[in-house]
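These protein sequences, in sequence, are chains H and Y.
The numbering of the first sequence is the working numbering, which starts it at 108 and goes up by one.
The numbering of the second sequence is the working numbering, which starts it at 10 and goes up by one.
Please note that the accuracy of each hint is not assured.
BS3-like, lysine-lysine: derived pairs with alpha carbons at most 30 Å apart [as the list claims (entries may be wrong)]:
1. Y:K176 to Y:K189
2. H:K201 to Y:K92
3. Y:K189 to H:K189
4. Y:K423 to Y:K283
5. Y:K283 to Y:K201
6. H:K109 to Y:K92
7. Y:K122 to H:K149
8. H:K179 to Y:K92
9. H:K149 to Y:K422
10. Y:K423 to H:K212
11. H:K149 to H:K167
12. Y:K404 to Y:K288
13. Y:K176 to H:K189
14. Y:K422 to Y:K404
15. Y:K122 to Y:K19
Worth flagging that the hints you see were computed from the coordinates, not collected in a lab.
Here the structure is a predicted model, which is why all the values come from computation and not from measurement.
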Amino acid sequence: MKQYMFLFRGGDAHAPGQSPEVQQAHMQLWMQWMGGLAQSGKLIGAQPLAQTGKILTGTKKVVTDGPFMEGKEMVGGYLMCKADTYDEAVEVAKGCPILVFEDGKVEVREMQEIKM
Amino acid sequence: MDTFQNNIDKLTDHLFRQQSGKMVAVLAKVFGTENLQVAEDVVQDTLLQAMEIWKLKGAPDNPSAWLYRVAKNKAIDILRRNKFSVQYDFSDNDRILLQSEYTMSTVMENLWKEEMVQDDLLRMMFACCHPDISEENQITLILKTLCGFSTAEIARSFLTTEDTISKRLYRTKEFFRERKIRPEFPPTDHLKSRANAVLRTIYLIFNEGYNSTHTDVMIRKDLLEQAMYLCDQLCSNVHTRLPEVYAAMALMCFHAARIDSRMGGEGEIILLPKQDRSKWNTQLICDGSAYLDKAAIGSEVSSYHIEAAIAFEHCAAPRFGDTNWAHILVLYTWLDAIAPSTIVQLNRLTVIGKVHGNEAVLQEIEQSARIPEWEKHFLYHSILGEIYSSTDKEKALLCYEKAVQLTQSISEKKLLRKKIAMLGTMTK
Numbered sequence: 108m109k110q111y112m113f114l115f116r117g118g119d120a121h122a123p124g125q126s127p128e129v130q131q132a133h134m135q136l137w138m139q140w141m142g143g144l145a146q147s148g149k150l151i152g153a154q155p156l157a158q159t160g161k162i163l164t165g166t167k168k169v170v171t172d173g174p175f176m177e178g179k180e181m182v183g184g185y186l187m188c189k190a191d192t193y194d195e196a197v198e199v200a201k202g203c204p205i206l207v208f209e210d211g212k213v214e215v216r217e218m219q220e221i222k223m
Numbered sequence: 010m011d012t013f014q015n016n017i018d019k020l021t022d023h024l025f026r027q028q029s030g031k032m033v034a035v036l037a038k039v040f041g042t043e044n045l046q047v048a049e050d051v052v053q054d055t056l057l058q059a060m061e062i063w064k065l066k067g068a069p070d071n072p073s074a075w076l077y078r079v080a081k082n083k084a085i086d087i088l089r090r091n092k093f094s095v096q097y098d099f100s101d102n103d104r105i106l107l108q109s110e111y112t113m114s115t116v117m118e119n120l121w122k123e124e125m126v127q128d129d130l131l132r133m134m135f136a137c138c139h140p141d142i143s144e145e146n147q148i149t150l151i152l153k154t155l156c157g158f159s160t161a162e163i164a165r166s167f168l169t170t171e172d173t174i175s176k177r178l179y180r181t182k183e184f185f186r187e188r189k190i191r192p193e194f195p196p197t198d199h200l201k202s203r204a205n206a207v208l209r210t211i212y213l214i215f216n217e218g219y220n221s222t223h224t225d226v227m228i229r230k231d232l233l234e235q236a237m238y239l240c241d242q243l244c245s246n247v248h249t250r251l252p253e254v255y256a257a258m259a260l261m262c263f264h265a266a267r268i269d270s271r272m273g274g275e276g277e278i279i280l281l282p283k284q285d286r287s288k289w290n291t292q293l294i295c296d297g298s299a300y301l302d303k304a305a306i307g308s309e310v311s312s313y314h315i316e317a318a319i320a321f322e323h324c325a326a327p328r329f330g331d332t333n334w335a336h337i338l339v340l341y342t343w344l345d346a347i348a349p350s351t352i353v354q355l356n357r358l359t360v361i362g363k364v365h366g367n368e369a370v371l372q373e374i375e376q377s378a379r380i381p382e383w384e385k386h387f388l389y390h391s392i393l394g395e396i397y398s399s400t401d402k403e404k405a406l407l408c409y410e411k412a413v414q415l416t417q418s419i420s421e422k423k424l425l426r427k428k429i430a431m432l433g434t435m436t437k
């Protein structure tokens, strides 16, 4: 079984102006989706990420502040899970609640084994 | 102000007993039973905070919900601080969702729903009754963590020291930590033995309320209610509705039916012959009989069956004089054969007196090898006092005084002093 990382972009359910009820209902969707993954033992971990950030670049380790791009292009969170194939991982990703938003994106990446 | 204070104390006393166990059960799921101490600390913090704030502002409209909310928030703080700490094992499929901010709040919210909390309490009771924990440690742990008993109260129930109880608790918690015991219903083949340990504890809780050795408020109805509520949970659960569970429930109904007549206006015990039987709760007696009928499935007879039968004999007698003592003696002899204990033997002595007279009691004592154990119990001296009161007043006085020394129950002490006073008037 391989490991995959999902990177979430866009689809901010906590945008200003959203009522607590709407936010709560949305978190319920995350609960159902991740709960299913946890039940099948495929969930490894997941966290949302803050809208702030720092970027370090190159040998000089130049530090620049975020935000670095438009909000919807930023990685807003990640999830790691187990799956046998990309197809299966993509099927899992289809359930992600971020996709209830038109601008929501899930990037599915397989974790690479580095062979020496 | 004093009345206000009293009201708060009364509310918190009752509520804290009821809720602390439930909260510990939920928190044990949150932190894992290996961190039972963390769960207990959160509950303790929550209760202290409640005391402080309620004293100033008065109790909230829904005190239980208030406690749950505060405990929940404290738990969330701890989880956030320790998200990646090795102390907490989040690898568990149920608990991994508590590690992620996407799901933590929702999971926490769901964990504190009333119907979940009630089942958690049962599951936790089973966890406390793990077969590798000695029975006395099981009971100690349940009383401490799930029933809000203080170490001192447990020590008194067990006729032992607080130090011993503390040591037991420490050892049991170590065991939980090492083995990571999960709160769950036991597998079918272990269910009976584990349910029995749970049942014993429930009955101890009940007795704590019924005989109440440690406070002026003689009958702690909340304890009776809690014990009966827990037993009722076992009765309503498909897996745990065993004959002995029904029998224990019947027994508790028969006892509880009589509590209103058992206490006088000043919290003193009113003994069976003087109880106003019209105060007995006929509904509870009927309920008890119905449970006893259900307990009659299968061929096994537990001590609860016999004790319930004895209690029923008392409930069935319209007047004290109508009591079928001969049958009760048969039942006590049977009980002593399958579940011998000092208290059963001493009660049996009393019944021998009723059936065969005082001489027979003294003969029975003479032939017994159990006297050293009996002598540690106030009831033994009280029985002797009763017997000698008509023949040898000075001997009776010594016996009663010994009994007063040995009981910690304020109401028992009162009762004994009354008997001593009566001896005095008889001598004059």
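Next item on the list: Against the structure, test the hints numbered earlier, and report the numbers of the ones violated in rising order.
Entry: Per hint list: 5, 9, 10, 11, 12 and 13 violated.
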